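Student: Just so you know, the sequences run in chain order A and B.
Numbering-wise (the numbering used here), the first sequence opens with residue 11 and increments by one.
Numbering-wise (the numbering used here), the second sequence opens with residue 31 and increments by one.
To be clear, the hints were calculated from the coordinates, so they are not data collected in a lab.
These numbers come from a predicted model, not from an experiment.
Take the hints with a grain of salt, since some may be wrong.
[Unchecked claim] The list that follows gives simulated cross-link-like pairs (lysine-lysine, BS3-like), each with its CA atoms no further than 30 Å apart:
| id | chain 1 | residue 1 | chain 2 | residue 2 |
| --- | --- | --- | --- | --- |
| 1 | B | K479 | B | K57 |
| 2 | A | K103 | B | K479 |
| 3 | B | K138 | B | K57 |
| 4 | B | K57 | A | K103 |
| 5 | A | K540 | B | K185 |
| 6 | B | K401 | A | K103 |
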Amino acid sequence: MWLPELPPFMPFMIIALFVFFSRGPLVTVLMLAAPLWGALNLWQLEQGLLWQVTLVDLQLMPLRVDKLSTFFGYLFHLASFFCIVYALHVRDKVQQLACLLYTAAALGAVFSGDLLSLFIFWEMMALSSVFLIWARRSADSYASGLRYLAYQVISGLLLLLGTLFYWQEHGSLAFTYMSLQGTGAWLIFFAFGIKCAFPMLHTWLTDGYPNATASGTVFLSAFTTKVAVYGLARGFPGSEILIYIGAVMTCFPIFYAVIENDLRQVLAYSLINQLGFMVVGIGIGTELALNGAVAHAFNDVLFKGLLFMSMGAVLQMTGRINGSELGGLYKTMPKTTLLCLVGAASISAFPLFNGFVSKSMVMTAALNQGHEWIWLALLFASAGVFHHAGIKIPYFAFFAHDSGIRSQDPPNNMLLAMVIAATLCLAIGIYPNLLYQLLPFTSAYQPYDVSHVLAQTQLLCFAALAFLWLNLKGLYPPELPSVNLDVDWFYRRLLANVWSKLSNIIWQTDQHIRQVFLAKLKQLLALVAKYHRPSGILARAQTVGNMALWIAILLACSLGLSFIGL
Amino acid sequence: MIAQLPILQVIVPLLAAPCCLLVGRSKLLWFFALLASAMTFVISLVLLQQVQESGTIHYSLGGWSAPFGIEYRIDLLNAYLLLIVSSITSIILLTAHASITAELNENKHKLFYVVFLLCLAGMLGIIATGDAFNLFVFLEISALSSYTLIALGQKRQALTAAFRYLLVGTLGASFILIGIGLMYMVTGTLNMFDLSERLPQVEESRTVVTAFSFLILGVCLKLALFPLHWWLPNAYAYAPSVVSALLAATATKVAIYILLRFIFTVFGGEFSFTTLPLQEILSVLGIAGVLTASVMAIYQQNVKQLFAYSSVAQIAYMMLALAMNSTNGLIATLLHLFNHALMKGALFLALAGVMYRLGSVELTQFAGLGKRMPWTMAAIVIGGLSLIGLPLTVGFISKWYLLRAALENGWWPLAIFILLGSLLAVVYVWRIVETAYFSPAKAGHNQIKEAPLRLLLPTWILVLANLYFGCDASFTIAVTELTAQALLGGAP
Numbered sequence: 011m012w013l014p015e016l017p018p019f020m021p022f023m024i025i026a027l028f029v030f031f032s033r034g035p036l037v038t039v040l041m042l043a044a045p046l047w048g049a050l051n052l053w054q055l056e057q058g059l060l061w062q063v064t065l066v067d068l069q070l071m072p073l074r075v076d077k078l079s080t081f082f083g084y085l086f087h088l089a090s091f092f093c094i095v096y097a098l099h100v101r102d103k104v105q106q107l108a109c110l111l112y113t114a115a116a117l118g119a120v121f122s123g124d125l126l127s128l129f130i131f132w133e134m135m136a137l138s139s140v141f142l143i144w145a146r147r148s149a150d151s152y153a154s155g156l157r158y159l160a161y162q163v164i165s166g167l168l169l170l171l172g173t174l175f176y177w178q179e180h181g182s183l184a185f186t187y188m189s190l191q192g193t194g195a196w197l198i199f200f201a202f203g204i205k206c207a208f209p210m211l212h213t214w215l216t217d218g219y220p221n222a223t224a225s226g227t228v229f230l231s232a233f234t235t236k237v238a239v240y241g242l243a244r245g246f247p248g249s250e251i252l253i254y255i256g257a258v259m260t261c262f263p264i265f266y267a268v269i270e271n272d273l274r275q276v277l278a279y280s281l282i283n284q285l286g287f288m289v290v291g292i293g294i295g296t297e298l299a300l301n302g303a304v305a306h307a308f309n310d311v312l313f314k315g316l317l318f319m320s321m322g323a324v325l326q327m328t329g330r331i332n333g334s335e336l337g338g339l340y341k342t343m344p345k346t347t348l349l350c351l352v353g354a355a356s357i358s359a360f361p362l363f364n365g366f367v368s369k370s371m372v373m374t375a376a377l378n379q380g381h382e383w384i385w386l387a388l389l390f391a392s393a394g395v396f397h398h399a400g401i402k403i404p405y406f407a408f409f410a411h412d413s414g415i416r417s418q419d420p421p422n423n424m425l426l427a428m429v430i431a432a433t434l435c436l437a438i439g440i441y442p443n444l445l446y447q448l449l450p451f452t453s454a455y456q457p458y459d460v461s462h463v464l465a466q467t468q469l470l471c472f473a474a475l476a477f478l479w480l481n482l483k484g485l486y487p488p489e490l491p492s493v494n495l496d497v498d499w500f501y502r503r504l505l506a507n508v509w510s511k512l513s514n515i516i517w518q519t520d521q522h523i524r525q526v527f528l529a530k531l532k533q534l535l536a537l538v539a540k541y542h543r544p545s546g547i548l549a550r551a552q553t554v555g556n557m558a559l560w561i562a563i564l565l566a567c568s569l570g571l572s573f574i575g576l
Numbered sequence: 031m032i033a034q035l036p037i038l039q040v041i042v043p044l045l046a047a048p049c050c051l052l053v054g055r056s057k058l059l060w061f062f063a064l065l066a067s068a069m070t071f072v073i074s075l076v077l078l079q080q081v082q083e084s085g086t087i088h089y090s091l092g093g094w095s096a097p098f099g100i101e102y103r104i105d106l107l108n109a110y111l112l113l114i115v116s117s118i119t120s121i122i123l124l125t126a127h128a129s130i131t132a133e134l135n136e137n138k139h140k141l142f143y144v145v146f147l148l149c150l151a152g153m154l155g156i157i158a159t160g161d162a163f164n165l166f167v168f169l170e171i172s173a174l175s176s177y178t179l180i181a182l183g184q185k186r187q188a189l190t191a192a193f194r195y196l197l198v199g200t201l202g203a204s205f206i207l208i209g210i211g212l213m214y215m216v217t218g219t220l221n222m223f224d225l226s227e228r229l230p231q232v233e234e235s236r237t238v239v240t241a242f243s244f245l246i247l248g249v250c251l252k253l254a255l256f257p258l259h260w261w262l263p264n265a266y267a268y269a270p271s272v273v274s275a276l277l278a279a280t281a282t283k284v285a286i287y288i289l290l291r292f293i294f295t296v297f298g299g300e301f302s303f304t305t306l307p308l309q310e311i312l313s314v315l316g317i318a319g320v321l322t323a324s325v326m327a328i329y330q331q332n333v334k335q336l337f338a339y340s341s342v343a344q345i346a347y348m349m350l351a352l353a354m355n356s357t358n359g360l361i362a363t364l365l366h367l368f369n370h371a372l373m374k375g376a377l378f379l380a381l382a383g384v385m386y387r388l389g390s391v392e393l394t395q396f397a398g399l400g401k402r403m404p405w406t407m408a409a410i411v412i413g414g415l416s417l418i419g420l421p422l423t424v425g426f427i428s429k430w431y432l433l434r435a436a437l438e439n440g441w442w443p444l445a446i447f448i449l450l451g452s453l454l455a456v457v458y459v460w461r462i463v464e465t466a467y468f469s470p471a472k473a474g475h476n477q478i479k480e481a482p483l484r485l486l487l488p489t490w491i492l493v494l495a496n497l498y499f500g501c502d503a504s505f506t507i508a509v510t511e512l513t514a515q516a517l518l519g520g521a522p
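Use the sequences and the hints to build the structure in full.
Tutor: In structure tokens, the structure reads:
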């Protein structure tokens, strides 16, 4: 071949090095070249363990190519391509370098054959991605980036600790299927869980992503969580606990997404919800379910990227992102509106859009394995997605009341990136085999049969009806967390009241516990500071007499202990 | 000539020191001192090679054979330590001229080089000798010269710091002397090899136990084991920058060598760890040292002092590894000896660069230095990452072995404390990074330039060594593995 075969992360690193030293239009060319070169390079690679290193006495395999990693490899190249196109107008070296290195790290992680290389790329992802948040250069984003970094670093440390334990238990660092037994596997599981935004561990995502730059969020949404999904699919397929975690992940963000005003934060919650579908698929662990999970990861990158791009365009052009401040933009941003609607339809899993062909795989797998309750939870979540991502996002941004903002459509490169993503959304929705042939397992699954299409269409129609009815009656306060049609007015009012009281109590208790805890923490820190400050008793310059006293005390202890032993 | 290498190693700097008095100009003096220390470096390289090829080297001083005369005995541990001390000292000495021109009066330069070489001779002597009393003599030579070196510092606090170090150091030395005296009393010999053969016969006696306690505590004071560390931060902070680098990178390593030699060779690992509560004492003090010193480092305003406390913490790591009493534990100690010398050498030399340009190493002065002195700050960042123990730096290699040893012994809580220590290191390194890269530069600092090449080059030699030995540790690991096995095997 006319190109050298490199590990997939190398093209991006090399380009990053060149970008660092170049100026002007050359940077644009280089940035565009990175994913193309990378994809060509990946296409050349054969399957197998291509690169092995021995560090100290550890066997490392930084390059393992198989169907699963190749699938994610292509996905990441595709994602980085449209993200880079979207960000072409950005003239910020920090962001350009961060996104190249971030992509490189994500690629390195999915092609790592052992846990230690995975850890190195894991940390590299954390360190490079945080600059996409900091690049917004506001006090908020700095603080939020620090919180984000803290979570990511803790995840990395857990992974390292887990790796150590796992190595001690199994004597091998190979990253293959691990059953959830032993401390090592659990620690690794939690490390993945943090990056995958498991419930209670998810706050970094909803806190960090909305605070990144317009184009940074698109990158962020594509890689970190998908690497975690890859990790779970590789390491823990078929772990039953994942089914329940995934089900909770699909349902709980809906409530937050409905009451949230910042539209990019709504999307962040909806990202967790989509991850839930993948996690459920991995938890079920049959071939169909795993195919569904990774296929959904693929589709999620496309439609979530598209939605984040459209919201990024709104933010870029209007400078606002809160639902209450936007509205009526369809008059002056018709193209963005249309593209956003494609993304909304895809995420809501309309037939003929790509969300449909993968989501139904996971749900069919759940039914096949007899998880009826989980299926119901997923159904509920689907309705919720349609409500908050499919309707709320486009409605509040582009329609609703006219906010009087008259911004134009964004620059051509941003539109082009969105068109690429939207075209792929439609293409995969119409010809699902495009995607299916890439999947790690061969499957004869057919998404378009009567029951699937009918069930999904019904669900969507009724969810839309609910929204419409609520809106016409003026009963749609943005804080209301429910859209059930069969619940009457009083009951909803009552529920809302009970809910608000209950949440009030929970909130207050939670606040109280936090306050007490914070107070204790402050006391502890004050105590530590008191003794360790330069003027504190431990760090103060001691008199010679005191030092002599200490050595005398130690001598006494040592002699005493020795003589007891003798 | 080759046969005389063990003594030449010590004699060269010892004789070069008074010869300095004959040389006139400061630059020539520097050249001369550099030559002497480079010679010790070459000798130590040859010695290491010889030991690796043909085993332990014996050398009888003045032709008097062992029990009567003084014997020099170079085994793998000695050769390894000699190499560390002579190489790091040579690299540090490279910066000396630039650094002391900025920090010392012209008339003190001669004194500086004389005492510096004496200190080097003392340290090399401690390592090379096989005689317990001779060791004490060299210990005093190196200690007295380091008091003088510290007292050369610009600020008046340097005098108090040196005086306090003098008092405490003398206390430690007398403890060591008492220990050696007691051993002589029961065995009638001062040769370490003879001691190791005769001590087991009398190990039940309380005199031996008392000797052991005095000796170990004396050495612990010298190496600043928590809570005997109070002399160290001020001594490092107020000494001239080159001296801080020398003390941080080499002096404590020599004290740890004494500890290893006495625990494993003279008294024997079995006696030290089973008859006596050494494991409990060292592990408790080690954990306390790691945590307390790291936290104290976080609160320091003076960066030299910050790294001084970090040194106390790193020494505590070595003691923890030592307390494991296993092969991997010892490997961790020995690796960290070398690795810590590399990191602290690099860090303190980088601080010498800051001192050269700013005349102060207060943390507030670092504001905006990331742009003004990019190479110096990059050196501090890499050295800091190494302190934290990030993969691809030397710090990772020794932490990895330390964790392995802890897990092998089944000391889970210890592994957590070690990781917690790393997190604390992240905090104190981050404080410097935050100030240097994220704070706006101070008003008067617009004219600050990068440190001169004479300072940067040696700093970056050490920084690159940090990275090189972090990626390819096969040399250090091969040497330390053999050394650890030899020590645990009880062979002298």
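Student: Hints first: check each against the structure and report whether it holds.
Tutor: Comparing the hints with the structure gives:
| no. | hint | result |
| --- | --- | --- |
| 1 | K479/B <-> K57/B | 24 Å, holds |
| 2 | K103/A <-> K479/B | 25 Å, holds |
| 3 | K138/B <-> K57/B | 13 Å, holds |
| 4 | K57/B <-> K103/A | 45 Å, violated |
| 5 | K540/A <-> K185/B | 27 Å, holds |
| 6 | K401/B <-> K103/A | 16 Å, holds |
Hint 4 alone, counting from the list given before, is not met by this structure.
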